[in-house]
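Peer 1: Construct the entire structure; sequences and hints are all you get.
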Amino acid sequence: MISIYTPVCVSNGVIHLSGGGGWTVFQRRRDGSVSFNRRWSEYRDGFGEPHGEHWLGNQHLHQLSNQGQYSLRIHLQDWSHAHRHALYSTFRISDEDDHYRLHVSAFSGSVQDSFSWYHDQHVFSTPDTGHICAEISHAGWWFHQCFYANLNGVYYKVGVASTQTVKVMRNLWHRQDLKMSMLE
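Taking full-length UniProt numbering, the leading residue of the sequence shown gets 1, the next gets one more, and so forth.
The hints are simulated quantities; they were obtained by calculation from the structure and are not laboratory data. The structure displayed is predicted, hence computed values, not measured ones. Each residue gets a CB set at the ideal place from its N, CA and C atoms; glycine is no exception. Watch out, some of these pointers could steer you wrong.
Okay, derived cross-link-like pairs now, EDC-like style, lysine to aspartate or glutamate, Cα gap no bigger than 20 angstroms in a straight line [claimed, not checked]:
1) K157 to D45
2) K157 to D31
3) K157 to D78
Ranges between beta-carbon positions, derived for each pair [claimed, not checked]:
4) V123 to Q67: 33 to 39 angstroms
5) D45 to Q67: 25 to 31 angstroms
6) H51 to H81: 17 to 23 angstroms
7) D97 to R39: 14 to 20 angstroms
8) E135 to D98: 19 to 25 angstroms
Peer 2: Laid out in structure tokens, this is it:
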């Protein structure tokens with residue numbers, strides 16, 4: 001699960017205030033039922049189902065994350081059902097004119113921090129924008145060195161990566177290429 005702590009939630013493209021705040025899940029991967037090999041417009045607007053696999057949408061992320069101070073939490077589960085997390089106390093996404101540039105910092109958690117280290121200040125790219133990392137990984141993401149923390153990469157239903165797979169995570173947990181069974 002990738003989620004941000006926010007006092008608002010988005011439902012059908014409408015932003016609603018919620019009194020107590022909470023975590024808004026903006027990306028969920030559980031079973032590979034939704035392809036993340038999408039065009040720029042789909043990542044901008046969002047796709048999937050809120051209770052299933054989905055991407056909330058970069059425009060929604062921009063609107064949410066620019067209303068105040070927000071945190072980002074990434075929840076990971078491997079194929080042996082072990083859980084880990086990464087928490088970033090500062091999280092913000094720029095607007096579409098700036099290609100939804102990622103701003104993330106102040107890490108804590110139970111995995112190595114490859115996300116802010118390699119992806120902070122980078123713009124979002126999709127396979128149809130001509131970025132080689134997006135084309136190779138068949139996904140949209142804030143690419144820098146392609147695969148250090150690509151949580152939108154191809155979902156494989158087994159824990160072993162073949163020579164043809166695009167790795168979802170690298171060097172974050174077991175210090176090897178790792179396939180996650182669940183990402184939120």
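Peer 1: All hints, please: hold or fail.
Peer 2: Here is what the structure says about each hint:
| no. | hint | in the structure |
| --- | --- | --- |
| 1 | K157 to D45 | violated, 27 angstroms |
| 2 | K157 to D31 | holds, 7 angstroms |
| 3 | K157 to D78 | holds, 11 angstroms |
| 4 | V123 to Q67: 33 to 39 angstroms | violated, 21 angstroms |
| 5 | D45 to Q67: 25 to 31 angstroms | violated, 19 angstroms |
| 6 | H51 to H81: 17 to 23 angstroms | holds, 21 angstroms |
| 7 | D97 to R39: 14 to 20 angstroms | holds, 18 angstroms |
| 8 | E135 to D98: 19 to 25 angstroms | holds, 22 angstroms |
Going down the numbered hints, you'll see the structure goes against 1, 4 and 5, while the others check out.
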